[in-house]
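Visitor: First to last, the sequence lines map onto chains Y and P. Following my numbering, the numbering of the first sequence begins with 449 at its first residue and continues without gaps. Following my numbering, the numbering of the second sequence begins with 5 at its first residue and continues without gaps.
Just to be clear, a hint being listed does not mean it is correct.
Unchecked claim - When the alpha-carbon atoms are kept at most 30 Å apart in a straight line, the in silico DSSO-like pairs for lysine-lysine are as follows:
(1) Y:572 to P:121
(2) Y:577 to P:54
(3) Y:572 to P:76
(4) Y:594 to P:76
(5) Y:577 to P:138
To be verified - Taking CB as the label site, the calculated pair distances span:
(6) P:172 to Y:475: 34 to 44 Å
(7) P:134 to Y:637: 25 to 35 Å
(8) Y:461 to P:63: 47 to 57 Å
(9) Y:517 to P:90: 29 to 39 Å
(10) P:80 to Y:490: 48 to 58 Å
What the hints assert, rightly or not - Some, not all, of what chain P presents toward chain Y, calculated at C-beta under 8 Å:
(11) 57
(12) 59
(13) 79
(14) 82
(15) 83
(16) 95
(17) 103
(18) 138
(19) 155
For the record, the hints were derived by calculation from the structure and aren't laboratory data. Positions of the beta carbon are idealized from the N, C-alpha and C atoms, including for glycine.
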Amino acid sequence: MKTNYLFEYYPHNSLLFRLNPLFKLIVLIAFCVLSALPNIWTVSISALISLFFTLSSGKHIRTQFFSMWKIFIFFILTGIIKYITSNSIQDGVFFCTRLITMTAAGLLFYSTTKLSALRRLLSKIISKKAADLFVMMLSFLPLIFKTAEELKEARYSRSFKSDKRVLRSFKLITIPLLIEMFQKVDEMADAWYSRGYNSDK
Amino acid sequence: MDKPLISINNLTHTLSNGTKVLDSINLDFYRNSFTVLTGRNGSGKTFLMKHLNGLLLPTEGEVLINNISTEKDSWNARIKVGFVFQNSNTQIIAQTVEDDIAFGLENIGLPSAEIEKRINESAEAMGITSLLEKSPHRISGGEKKRTAIAGIVAMQPDIIIFDEPFAGLDFEGVKLLLRKLIFLKESGTSIIVITHDLEKLLAHADRLVVMSKGKIVGDGNPDAMLKTAAENGIRIPPSENIETMTWLYESSKIK
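Generate coordinates for the entire structure from the input sequences, incorporating the hints supplied.
Guide: Printed below as a string of structure tokens:
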């Protein structure tokens, strides 16, 4: 059983956790924009900064980062394909570095930010409804990974092997995950409403 | 007699495929009452309770909370009637226990000092003060259940509905939760518990409502309703003397 789910918040006492959530969100957006610029320096610096903070921000964030190795391999493969197709190694390296940088920055933001505080701050700037929707969407993210892990465990406990047949694996894990997620959206909405949530008040 | 807190008048709920999940329900719930609602799986208990919390609206009839129809103001229903879901995982939505308790309070629009006060009070009442900074995904099933209850208790509703509160709890968890329920009852909160587990609660309840196929088939004093419950497929305690069923609560007080 996994003890660490992707994008799960762990209460911790450090500078990153104490920073204003809105400031962190702005930095994250700026970071993504910088790493998307076609300039070797901005991409390299943003990659170094995001990796430095990710790797120095506590064991649980490091563990979460390294648990994404499959996603990173996918990014690297995408970079290689881009290199082969556009015939420029720089393009390929840029592409996968950008993706890894953005993922690391997003993970860092997510794992160190209290969504309730972000919701309060955002609702002062944008409409309450939009802030609530944004936070609800974010709070759903760790739930997807947790549910996927639970579904996999349930299948593995019945001798299922995911590496055998990709289509079967899709049918047995991805489709139930989608169905489960739709149900969870309903349940989450019920949980919000049952506790006095009203987008207009 | 007091005015009822909740008045259900001829409530019918028909699904889009024509199935009547609730059929002409008439019930009143009063202040300081402790009601146990029982019935077979699929008899409509949770459906009925979701109407009281304004999560569902009647297709016929009406549900009045403090004389205000849930159709006119479902937000009023959600503030006055707390609902503790059967599955605490569904109910807990924040990243820390403290934030989760605060969620409902923020929705009511309380000032932050009051929110903090109520968080501390309800956490203390539910014995989860030490968990406030923890992630709700990292606590035990019993602690999750108490976190979910604390989130509702903090909102100070007039009435709290518990849907199968003992499901999935170990014996110690059941005893602890029972103590909390009795504590809530003694502090003046009206309680409705949906359960199949009559033995744990009946000695403390002043009313037993039995449902079958979307209808109320029995409503009254627990002593008088036991036979009806048995006739409708509910396992009744081996001893029919309800007075003797306080053993669990008594044992929960022994350290």
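Visitor: A separate judgement is required for each hint: does it hold in the structure or not?
Guide: Now for the hints, and whether the structure bears them out:
With a CA separation close to 24 Å, the supplied pair residue 572 of chain Y and residue 121 of chain P stays within the 30 Å bound. At most 30 Å may separate the alpha-carbon atoms for a hinted pair to count; residue 577 of chain Y and residue 54 of chain P meet this at roughly 24 Å. Using a Cα cut-off of 30 Å, the hinted pair residue 572 of chain Y and residue 76 of chain P holds, with the two alpha carbons roughly 29 Å apart. For the proposed pair residue 594 of chain Y and residue 76 of chain P, the alpha carbon gap of about 38 Å is over 30 Å, so the pair is violated.
Straight-line distance between C-alpha atoms of residue 577 of chain Y and residue 138 of chain P comes to about 28 Å, which keeps the hinted pair within the 30 Å bound. A C-beta distance of roughly 42 Å is found between residue 172 of chain P and residue 475 of chain Y, which places it inside the suggested range of 34 to 44 Å. Checked against the hint of 25 to 35 Å, the pair residue 134 of chain P and residue 637 of chain Y passes, with Cβ atoms roughly 31 Å apart. For the pair residue 461 of chain Y and residue 63 of chain P, the beta carbons lie near 52 Å from each other, so the given range of 47 to 57 Å is met.
In this structure the hint that residue 517 of chain Y and residue 90 of chain P lie 29 to 39 Å apart at CB holds, the actual value being about 38 Å. For residue 80 of chain P and residue 490 of chain Y, the Cβ-Cβ distance of about 54 Å falls inside the hinted range of 48 to 58 Å, so the restraint holds. Of the supplied interface hints, the one on residue 57 of chain P holds, with its beta-carbon coming within about 5 Å of a beta-carbon of chain Y, less than 8 Å. Annotation: interface hint on residue 59 of chain P holds; nearest CB of chain Y at approximately 6 Å, less than 8 Å.
Taken as an interface hint, residue 79 of chain P checks out: its beta carbon lies about 5 Å from the nearest beta carbon of chain Y, inside 8 Å. For residue 82 of chain P, the interface hint holds, since its Cβ comes within 8 Å of a Cβ in chain Y; the closest pair sits about 5 Å apart. Taking 8 Å as the C-beta cut-off, the interface hint given for residue 83 of chain P holds, the closest approach to chain Y being about 5 Å. Evaluation of the residue 95 of chain P hint against chain Y yields a held restraint, the C-beta minimum of about 5 Å falling below 8 Å.
Annotation: residue 103 of chain P was flagged as interfacial toward chain Y, and the flag holds, the nearest CB pair being 4 Å apart, inside 8 Å. Interface hint at residue 138 of chain P: satisfied, since its Cβ lies 7 Å from the closest Cβ of chain Y, which is below the 8 Å cut-off. Look at residue 155 of chain P: its Cβ gets to within about 7 Å of chain Y, closer than 8 Å, so that hint holds up.
In this structure, only the earlier hint numbered 4 is contradicted, and the remaining ones agree with it.
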